[in-house]
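Engineer: The lines below spell out each chain.
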Amino acid sequence: MAEIWRPIRKILREPLGALGLFLVVLVIFGAVFADFLTSYDPTRINPRDRFQGPSAEHLMGTDQLGRDLFARVLHGGRIALFVALVSTAASLAIGIVLGLIAGYGPRWLDNLLILLFDAMKSFPTVMLALALVTIMGPSLTAVMVVVILVTVPGYARIIRTQTIALKNSEYVTAAQSMGASPARILRVHILPNVIGPLVILASMDIPVVIGIEAGMSFLGLGVRPPTPSWGSMLNDGFTSIRDTAWIAIAGGVPIILTTLGFTFLGETLRDVFDPRLKGR
Amino acid sequence: MLSYFFKRLGLAAVIVSVAMFILFCMIYLIPGDPAAVALGPRATPEMRDALREAMGLNQPIPVQFWNFYSSAWMGDLGTEVLSGRPVLTVVLEQLPFTLALIAGGITWSVALGIPLGCWAAVSRGSWADRIVGILSVAVIAVPSFVIAIYALLIFAVQLRWLPAIGAGEPGNLGDQLTHLVLPSLAVGLGWVGYIARMVRASMLEVLEASHIRTARAFGLPDRMITYRYALSIAILPTVTLLGVGIGQMLSSAVFAEIVFARPGVGKLVYDAILTRNFPVVSGTVLVTTVLFVLLNLLADLTIGALDPRVRSNF
Amino acid sequence: MTTLGIDGLNVTFSTEDGPLHALKNVTFDVPENRIVGIVGESGCGKSTLINAILGLLADNGHIDSGSILFQGQDDLTTLSPSKMRDLRGPRISTVFQDPMGALNPVISVGKQMMNIQYRSGLSKEQKAQRAIEMLELVRIPDARAALARYPHQFSGGMKQRIAIAMALMMEPALLIADEPTTALDATLEVTTIELLKDLQAQIGCSVMFISHHLGVIAELCDDVVVMYAGEVVERGTTRQIFNDPRHPYTARLLECDPARQSERTRNLPTIPGEIPDLRARPPGCIFANRCHRVRDACSAPPPDTDIGDGHFARCIVAETPEPAQVTA
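First to last, the protein sequences are chains A, B and C.
Residue 166 in the working numbering is what sits at position 166 of the first sequence, and the numbering runs on without skipping anything.
Residue 149 in the working numbering is what sits at position 149 of the second sequence, and the numbering runs on without skipping anything.
Residue 102 in the working numbering is what sits at position 102 of the third sequence, and the numbering runs on without skipping anything.
Honestly, the hints are just simulated from the structure, not real lab data.
Nothing here was measured: the structure is a model prediction, and the numbers come from that model.
Just so you know, not all the hints are guaranteed correct.
Only part of the chain B face toward chain A is listed, based on derived beta-carbon distances under 10 Å [claimed, not checked]:
1. Leu11
2. Ile134
3. Trp161
4. Asn296
Pair ranges (Cβ atoms, derived) [claimed, not checked]:
5. A:Asp243 <-> B:Pro45: 53 to 61 Å
6. A:Arg13 <-> B:Asp222: 49 to 57 Å
7. A:Phe22 <-> B:Asp222: 50 to 58 Å
8. B:Thr240 <-> A:Asp243: 25 to 33 Å
9. B:Met47 <-> A:Ile45: 33 to 41 Å
10. C:Ser82 <-> B:Thr302: 34 to 42 Å
11. B:Thr240 <-> C:Pro258: 41 to 49 Å
12. A:Pro192 <-> B:Ser70: 41 to 49 Å
13. B:Ser3 <-> C:Pro258: 44 to 52 Å
14. C:Gln73 <-> B:Val244: 34 to 42 Å
15. B:Ala261 <-> A:Gln64: 47 to 55 Å
16. B:Thr302 <-> A:Gly66: 34 to 42 Å
17. A:Pro192 <-> C:Thr15: 51 to 59 Å
18. B:Ser123 <-> A:Ile8: 52 to 60 Å
Just so you have them, the derived chain A footprint on chain B, three or more residues with Cβ under 8 Å [unchecked claim]:
19. 101–109
20. 167–179
21. 221–232
Heads up, the beta-carbon is just placed ideally off N, CA and C, and yes, glycines get one too.
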């Protein structure tokens, strides 16, 4: 138990870290217990109650179709966190594999992969997303594919650099001379050394991922209606911005709080556990 | 200098080629028929076959790629589905609006970011430093389209200080500039944070350098040391940073153009998706990618022009 | 008249682990028109001493007591920052150790030399002319063209000569040279030393020359100050220090100088032990834990023993000279 508490106490000692942790816990809590926190169905249309401001009945008001905004915010958090978690995990897995291959494999493969990573990075994110969605059609899967394409090159590059540095270190050479297979060297000697900083960097990318999901849903290229997403709520708010500001506020504030929460938490994690990464 | 330039140009060409290959793979190899996508759900199979033939989709894939690749280098990005105009012309018509938006974003980020970063570094550890630090992180974290919408909501809809839609009257520079203020703020605000952090960090590093100690030992005034001796070195990395940042600003520009209903490549590609104007989408992606790679190259060359140490290494 | 009179100077740094007593009771003079060498290992407080004189101590550094009298009038420990800034450059100038980093890399040499003269009230042409004169004096070829060039376009030796030209341009009363030749190779070192000696005679300033290279000190300096762990353990004329060292540390330091080894040996002699932690100074003699002549009385603070003719050593056995040969 003490093992878990020590890092948390370290984070709480930093005011920004504490704020970040609070916001993240708040968002997760809201998403997990959405069904207990509100009795409204986030997709239920109720034209008689449209464009209402906040009240005791509708905590954040209602949108242009009379749906309860508070319920939509909570359920939208589920989508955002789901995308963030699943696609970041997938990116990490793919990035680690590609990075290890580039760093440990033959030279030509390394050069080829680096070229691919650079080319991927040369697409502006939104352009890539737009091109993909044109082909795949708007869906949650498309969002996750975009996230993976955007974040994998960065992770793979870091893993590659670290792997090359470790490949030439003495203990890896020693393991090689004792006949350890490449797979074993990667798993036992290299992976444990590179995974820590990578996880911190990935946690700092979560706001970016949440931004991509919300952004694509805002453009109508992500989550399909009527599924609630913060991005599509923001679009609803944008469309009716001259009628009411409440929808835009309900859609935007959760995005702001979540991205800020994860960023403050990620920055604190980095400063506390891996100051070497500070320059990034 | 020249050999360095050509080496960088060659590398840029290779990267663009690979990007084109990836784009090609995405378009043609991912399940889904481009002809069907282009024609929409109501097209008959005969119409699809005719279009497939016209688009050269019945040829072997390597041939298709070569056609795509070679004609793209010649500037032929296909024709627009509706009007039949060349895609390149259509994109280049819209490009100046987007470039103006990005230039505006860079102006905001440099004009606010460099002084803030410098101030934070000089007053290191003070409350001003902390506030600048927190604000920098905050504006980096919040997605640009949220900033765009809130800027629209606050300054255009509620306060009515600035216009909400369009790019302004053609030929009326003042009007165009007032229309540029909010969208370019949305594009550049995040970069205010990046640049402030970067300038602060490099400023702190430079202030520790021994030539700054020399300058102090010669009794030069603090202002001269801070701005002419330290800042002139500390801002060099921002040029590289901006080069990389242009890709992100292009992304932000897409949102800003949609939110503020401005013309530009972002609006162009978004409308093209809604109307299934497929060649415009791939053409715009390609043009913006080339633009991004070229601007990166430009940033590297600018560093050379600004930094005498790099200049003589060319 | 003495150019610089340092008397009972104490400097501490506040660190996370408590106060660090970096300079303790430092007393010595830099007389007019003389070159005073400061010798000591790294960490002996040379840099702190320079920074204290220049008023450039780090924020956590503090002068507790003592005075630094410049030309008999201004006490540099109490001078206002702006008055201090007016002295730096025109009256007290400095040449630093690292010629590679001492000049600003993105400002041309000429511009830097003209910036230094910002208080002179000269016209732009006059400032440039003065810069060219100085560059010619330190034998930079094609001085006029050199003004437009950047530091990285010069070799290390030339950069150090430019730094010397900059330091002497305003004809200061005191030049502080902080290991100016350490980063240079041997031949360059000799020419730079000679140049410095020439210029000193020409301009007639006092020089405080910091080095750990005993040969250079013996060659160049009139007086020598030996520092150890933030204290002046011995001071006197060059002849007194080199021929008749009275502090055991000075004696061991001279023995350890590779240039003085008469025979080939496999192992260069070293002084065993380490400099004590300056956060917890011993109450007695600072060198006692490494001293070969240590005795019980060394646990009390040693006095500055006056050996005569301006020769002082902070040691209780200083009145008797070092035994001829120490068996290690």
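Engineer: Compare the structure with each hint and give your call.
Structural biologist: We went through each hint and held it up to the structure:
1. The beta carbon of leucine 11 (chain B) comes within 9 Å of a beta carbon in chain A, closer than 10 Å, and the hint placing it at the interface holds.
2. Interface hint at isoleucine 134 (chain B): satisfied, since its Cβ lies 7 Å from the closest Cβ of chain A, which is below the 10 Å cut-off.
3. Hint on tryptophan 161 (chain B) is violated. Least Cβ distance to chain A is approximately 16 Å, over the 10 Å limit.
4. Given the 10 Å rule on beta carbons, the hint for asparagine 296 (chain B) holds: about 8 Å separates it from the nearest Cβ of chain A.
5. The hinted range of 53 to 61 Å is not satisfied by aspartate 243 (chain A) and proline 45 (chain B), whose Cβ atoms lie roughly 45 Å apart.
6. Restraint check, arginine 13 (chain A) to aspartate 222 (chain B): a C-beta distance of roughly 35 Å breaks the suggested window 49 to 57 Å.
7. A hinted range of 50 to 58 Å for the beta carbons of phenylalanine 22 (chain A) and aspartate 222 (chain B) is inconsistent with their spacing of about 41 Å.
8. Our hint of 25 to 33 Å for threonine 240 (chain B) and aspartate 243 (chain A) is violated, since their Cβ atoms are close to 45 Å apart.
9. At about 37 Å, the CB distance of methionine 47 (chain B) to isoleucine 45 (chain A) agrees with the hint of 33 to 41 Å.
10. Our hint of 34 to 42 Å for serine 82 (chain C) and threonine 302 (chain B) holds, since their Cβ atoms are close to 38 Å apart.
11. Checked against the hint of 41 to 49 Å, the pair threonine 240 (chain B) and proline 258 (chain C) passes, with Cβ atoms roughly 46 Å apart.
12. The hinted range of 41 to 49 Å is satisfied by proline 192 (chain A) and serine 70 (chain B), whose Cβ atoms lie roughly 48 Å apart.
13. The hint said 44 to 52 Å for the Cβ distance between serine 3 (chain B) and proline 258 (chain C), and at roughly 47 Å that hint holds.
14. The hint said 34 to 42 Å for the Cβ distance between glutamine 73 (chain C) and valine 244 (chain B), and at roughly 56 Å that hint is violated.
15. Taken as a hint, the range 47 to 55 Å is violated for the pair alanine 261 (chain B) and glutamine 64 (chain A), whose Cβ atoms sit roughly 19 Å apart.
16. The hint said 34 to 42 Å for the Cβ distance between threonine 302 (chain B) and glycine 66 (chain A), and at roughly 54 Å that hint is violated.
17. Distance hint check: the CB atoms of proline 192 (chain A) and threonine 15 (chain C) are about 36 Å apart, inconsistent with the given range 51 to 59 Å.
18. The hinted range of 52 to 60 Å is not satisfied by serine 123 (chain B) and isoleucine 8 (chain A), whose Cβ atoms lie roughly 32 Å apart.
19. Residues of the segment 101–109 of chain B with a Cβ under 8 Å from some Cβ of chain A number 0, which does not satisfy the need for three, so the listed coverage is violated.
20. Beta-carbon proximity to chain A at under 8 Å applies to 0 residues in the segment 167–179 of chain B; the threshold of 3 is not reached and the given coverage is violated.
21. Given a C-beta distance limit of less than 8 Å, the hint that chain A covers the segment 221–232 of chain B is violated, as 0 residues qualify and 3 are needed.
In this structure, the earlier hints numbered 3, 5, 6, 7, 8, 14, 15, 16, 17, 18, 19, 20 and 21 are contradicted, and the remaining ones agree with it.
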